[in-house]
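Order-wise, the sequence lines are chains X and L.
According to the working numbering, the first sequence is numbered sequentially starting from 234.
According to the working numbering, the second sequence is numbered sequentially starting from 234.
Hints may contain errors.
If chains are identical, the list can't say which one is meant, so a pair holds when it fits in one copy or spans any two.
[As the list claims (entries may be wrong)] 20 Å max Cα-Cα, derived SDA-like pairs, lysine to any residue:
1. Lys576 to Val561
2. Lys253 to Gly316
3. Lys528 to Glu309
4. Lys253 to Glu317
5. Lys253 to Val353
6. Lys253 to Arg319
7. Lys253 to Pro329
8. Lys253 to Ser350
9. Lys253 to Arg323
10. Lys553 to Glu608
11. Lys377 to Gly532
12. Lys377 to Glu313
Derived from the structure by calculation, the hints contain no laboratory data.
There are 2 protein chains.
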Amino acid sequence: MDRPAKERKRKKGRQMTDTKITLPESEIPTHFYNIAPDLPTPLSPPLHPVTREPVGPDALAPIFPMGLIQQEVSLEPMIEIPGEVRDIYRLYRPSPVFRARTLEQFLDTPAHIYYKSEHVSPVGSHKLNTALMQVYMNRREGVKRLATETGAGQWGSALGCACKLMGLECMVYMVRASYDQKPYRRIMMRTYEADVVASPSNLTASGRAVLAEDPHSPGSLGVAISEAVEDAVGREDTKYALGSVLNHVLLHQTVIGQEAIRQMELAGEYPDVLIGCHGGGSNFAGLAFPFLRDKLRGGQRKLRAIAVEPRACPSLTRGKREYDFGDVAGLTPLLLMHTLGHKFIPPPVHAGGLRYHGAAPLVSHLLDAGVIEAEAYSQGEVFASALQFAQCEGTIPAPESSHAVHSAIQHALRAREAGTREVILFNLSGHGHFDLGSYESYLNGTMDLNA
Amino acid sequence: MDRPAKERKRKKGRQMTDTKITLPESEIPTHFYNIAPDLPTPLSPPLHPVTREPVGPDALAPIFPMGLIQQEVSLEPMIEIPGEVRDIYRLYRPSPVFRARTLEQFLDTPAHIYYKSEHVSPVGSHKLNTALMQVYMNRREGVKRLATETGAGQWGSALGCACKLMGLECMVYMVRASYDQKPYRRIMMRTYEADVVASPSNLTASGRAVLAEDPHSPGSLGVAISEAVEDAVGREDTKYALGSVLNHVLLHQTVIGQEAIRQMELAGEYPDVLIGCHGGGSNFAGLAFPFLRDKLRGGQRKLRAIAVEPRACPSLTRGKREYDFGDVAGLTPLLLMHTLGHKFIPPPVHAGGLRYHGAAPLVSHLLDAGVIEAEAYSQGEVFASALQFAQCEGTIPAPESSHAVHSAIQHALRAREAGTREVILFNLSGHGHFDLGSYESYLNGTMDLNA
Numbered sequence: 234m235d236r237p238a239k240e241r242k243r244k245k246g247r248q249m250t251d252t253k254i255t256l257p258e259s260e261i262p263t264h265f266y267n268i269a270p271d272l273p274t275p276l277s278p279p280l281h282p283v284t285r286e287p288v289g290p291d292a293l294a295p296i297f298p299m300g301l302i303q304q305e306v307s308l309e310p311m312i313e314i315p316g317e318v319r320d321i322y323r324l325y326r327p328s329p330v331f332r333a334r335t336l337e338q339f340l341d342t343p344a345h346i347y348y349k350s351e352h353v354s355p356v357g358s359h360k361l362n363t364a365l366m367q368v369y370m371n372r373r374e375g376v377k378r379l380a381t382e383t384g385a386g387q388w389g390s391a392l393g394c395a396c397k398l399m400g401l402e403c404m405v406y407m408v409r410a411s412y413d414q415k416p417y418r419r420i421m422m423r424t425y426e427a428d429v430v431a432s433p434s435n436l437t438a439s440g441r442a443v444l445a446e447d448p449h450s451p452g453s454l455g456v457a458i459s460e461a462v463e464d465a466v467g468r469e470d471t472k473y474a475l476g477s478v479l480n481h482v483l484l485h486q487t488v489i490g491q492e493a494i495r496q497m498e499l500a501g502e503y504p505d506v507l508i509g510c511h512g513g514g515s516n517f518a519g520l521a522f523p524f525l526r527d528k529l530r531g532g533q534r535k536l537r538a539i540a541v542e543p544r545a546c547p548s549l550t551r552g553k554r555e556y557d558f559g560d561v562a563g564l565t566p567l568l569l570m571h572t573l574g575h576k577f578i579p580p581p582v583h584a585g586g587l588r589y590h591g592a593a594p595l596v597s598h599l600l601d602a603g604v605i606e607a608e609a610y611s612q613g614e615v616f617a618s619a620l621q622f623a624q625c626e627g628t629i630p631a632p633e634s635s636h637a638v639h640s641a642i643q644h645a646l647r648a649r650e651a652g653t654r655e656v657i658l659f660n661l662s663g664h665g666h667f668d669l670g671s672y673e674s675y676l677n678g679t680m681d682l683n684a
Numbered sequence: 234m235d236r237p238a239k240e241r242k243r244k245k246g247r248q249m250t251d252t253k254i255t256l257p258e259s260e261i262p263t264h265f266y267n268i269a270p271d272l273p274t275p276l277s278p279p280l281h282p283v284t285r286e287p288v289g290p291d292a293l294a295p296i297f298p299m300g301l302i303q304q305e306v307s308l309e310p311m312i313e314i315p316g317e318v319r320d321i322y323r324l325y326r327p328s329p330v331f332r333a334r335t336l337e338q339f340l341d342t343p344a345h346i347y348y349k350s351e352h353v354s355p356v357g358s359h360k361l362n363t364a365l366m367q368v369y370m371n372r373r374e375g376v377k378r379l380a381t382e383t384g385a386g387q388w389g390s391a392l393g394c395a396c397k398l399m400g401l402e403c404m405v406y407m408v409r410a411s412y413d414q415k416p417y418r419r420i421m422m423r424t425y426e427a428d429v430v431a432s433p434s435n436l437t438a439s440g441r442a443v444l445a446e447d448p449h450s451p452g453s454l455g456v457a458i459s460e461a462v463e464d465a466v467g468r469e470d471t472k473y474a475l476g477s478v479l480n481h482v483l484l485h486q487t488v489i490g491q492e493a494i495r496q497m498e499l500a501g502e503y504p505d506v507l508i509g510c511h512g513g514g515s516n517f518a519g520l521a522f523p524f525l526r527d528k529l530r531g532g533q534r535k536l537r538a539i540a541v542e543p544r545a546c547p548s549l550t551r552g553k554r555e556y557d558f559g560d561v562a563g564l565t566p567l568l569l570m571h572t573l574g575h576k577f578i579p580p581p582v583h584a585g586g587l588r589y590h591g592a593a594p595l596v597s598h599l600l601d602a603g604v605i606e607a608e609a610y611s612q613g614e615v616f617a618s619a620l621q622f623a624q625c626e627g628t629i630p631a632p633e634s635s636h637a638v639h640s641a642i643q644h645a646l647r648a649r650e651a652g653t654r655e656v657i658l659f660n661l662s663g664h665g666h667f668d669l670g671s672y673e674s675y676l677n678g679t680m681d682l683n684a
């Protein structure tokens, strides 16, 4: 590992020697980019779960504030970010883009590997981008309290932090299995004064029904969603918040890609390949959509955008695009999306944030239109790459983000074979500080590598 | 918590609206600042543990490389940072200085509170600053492997990361109690391929002697130091590395204060009060020493520099300044320092990194010369402030760093009483992601608040 230093010395000039590409706070985006009006064909509307008729905005009003519902169906190309939200973004935005020089050296590739670092947020992932905006929009309409579900805990801690920073109460239904296995994420939510209960809980009818059948139920994301929605519907002061999948959530993440466009300009490069891991779709979309605008509007630049999912939960690469429910119980409106079926229970892979049966309707639409691509990998491959990354770049990536790391490494190795100087940009959506138990199972050889 | 946003809107201009003060990589310091030649009186030399005669550089040669021994006794005012070390610093340096606007609002204080953010390093603390430099200096002299001890694990993970990045092997003797209670820190070291064993271990005579007496010994920092030193002395390819206390370690941390001086200039302010937590002394010194240069050279600017320690381990506020051993067994040279006695076993407070019986000789010297001050607080006060900080600024501070947070809050509250616009700058030396078990004990009411 002596080469990187020599490599660094050989290069000259700002762009060639700097490891981080940073932007001043004045370059925090002022608007979200809405991809909807740029789609080749319009998005199909959600359908009512019973009548299967298209649902209008009013149908969502019991659980979401009207401002977010309007964003969900908006065809405005740019939507302004409120000053207060931008001010709190200053705590961690603009996030840096890193050039992974040591990793490039280690791989001996002519490719240039860049990563956008969303792990620098106080909660350690990109989820805070939408959490702050959702809390703001709810508070503006007089909502005092938000209810949500969380699996691995990233979304719950982001919403808890955003609620605390903006003065709302927060109620998190955390899947029982994670509640017991990931105590640090749960404690993090409590430091932000969020209420966290293990789901299924005794607080809701849905929870009590599950507990009546099995008092020791480990819970599931489907049950937790039902509990959070029931909580929100049942209380005047409370709405529900979702951390991915829906159009408005993806919209809020486009601050990532807008900053990255500017940062790649400063680096004097344009990406040939964009890579993001994919569970519900929000971090992939956040990076990719602003770059895709040019492509969708007929720009001549070639650009591949790749969503990377676990082989254990391959909604994009193996799922069908059809109308399906967002939850296991079949209570939500039907969305037209790539799905493994709403009854599909993914195997317990360590990338908990990617264990969702469906994909964002927007991402599904772009995949079918041939605008983007998808890849799937086993967790053994993914963790091997995660370790390689940590040992070169220092930062330990989240298991979810490690899917993007692995894909980036594959593309860099292919560039070596082909002798091409490909420019790769991936989204490091979160750090792995709360996932070291997963790393241990890999290091100890107890992980199911083929899952 | 609505006021912060209004406050932000009221202010104008770059310095008044930016939350982070960042620097380009070109402003990573080129030299370390050596405070030794600026001291009012010279530092007293270490003494031989048996003869009590001053020891020369040669006496340290079995455990440290000559380059670091020379830095330990150097009177050069500035010592150049090698290009390779500066290049790796680019992964996280210059670290940002934040203005804690939301905390100021919450406290309703006219004080301006700034914090230097060393928690942004890949390992989550300032320890990497010296780890990289120590690995570099060892490698330059042909050393292949470093041995060290670690308590809570911050130092072990920093040295492990630095060794991996620069191609050395790393052996960490981790206090058994922490090894069992802080598995995540241990796994982090393993992701960097460091060898980590619980101390006392069977690998050394010191370890075996302790195990022979008590096979279930929880270990101690004193035992772990003995094991690491014995390991280094016994192998041709191995040296020993220490994470605080010694002059050269404090020297390497002065990158912190040098950057902060420039950042405060950009903010258009000069600190009235500088604050750092204090265990061995390195993070306090790293922030304070470069600011103190001006004061020691007769500058007219008023500046208070305050080292903050746990009431449970009050070496500066309650210890005597006298020659004492660095380790429990009494094997190291004697250092003239504030100490609670090398047999002192601190109560098991949660700020594991501050549980050391002594203080850096340089810090002790400055305290006695009246150049700096010291404060001590109970862990109950400290955790209350840590939560307040997390709930205002988002970032969860390490228990060690939370001592600086608490002191900063106290000074800000006193400024409110006095109606003075005091400028406070403290060092946020690390994040608390691996210490959430401590937060839980505080939240659950099981912590000994008075310790």
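| field | Homo-oligomer pair classification [glycine 316, lysine 253; C-alpha up to 20 Å] | value | between (27 Å within a copy, 17 Å between copies)
| Taking 20 Å as the upper bound on the Cα-Cα distance, should lysine 377 and glutamate 313 be classified as within, between, both, or neither? | neither (23 Å within a copy, 56 Å between copies)
| request: Indicate which option fits the pair lysine 377, glycine 532 if close means a Cα-Cα distance not exceeding 20 Å: within, between, both or neither. | output: So lysine 377 and glycine 532 fail the 20 Å test inside a copy (45 Å) and across (53 Å) alike.
| message | I want to check one pair: lysine 253 and glutamate 317. Are their C-alpha atoms no more than 20 Å apart within a copy, between two copies, both, or neither? | response | For lysine 253 and glutamate 317, the Cα distance is within 20 Å only across copies (16 Å; inside one copy 27 Å).
| Intra- versus inter-copy proximity for arginine 319 and lysine 253 (alpha-carbon distance at most 20 Å) | Between copies, since 13 Å is at most 20 Å while 22 Å is not.
| query | Within a copy, between copies, both or neither: where do lysine 253 and proline 329 come within 20 Å Cα-Cα? | reply | Both ways: lysine 253 and proline 329 sit 6 Å apart in one copy and 13 Å across, limit 20 Å.
| task | Could you place lysine 253 and arginine 323 in one of the four classes (within, between, both, neither) given a Cα distance threshold of 20 Å? | result | both (18 Å within a copy, 7 Å between copies)
| Homomeric proximity label, lysine 553 with glutamate 608: Cα distance no greater than 20 Å | within (15 Å within a copy, 64 Å between copies)
| message | Checking an output row: lysine 253 and serine 350, CA cutoff 20 Å. Within, between, both or neither? | response | both (10 Å within a copy, 16 Å between copies)
| query | How do lysine 253 and valine 353 come out at 20 Å by Cα distance, when the copy is not named: within, between, both, or neither? | reply | For lysine 253 and valine 353, the Cα distance is within 20 Å both inside one copy (13 Å) and across copies (13 Å).
| request: If the cutoff is 20 Å on CA atoms, where do lysine 528 and glutamate 309 land: within, between, both or neither? Let me know, please. | output: Answer is within: at 18 Å inside a copy they meet the 20 Å cutoff, but 58 Å across does not.
| Copy assignment of lysine 576 with valine 561, given that the CA separation must stay at most 20 Å | Close inside one copy (6 Å), not across copies (61 Å); limit 20 Å.
Hint compliance for this structure: hints 11, 12 are not met, and every other hint is.
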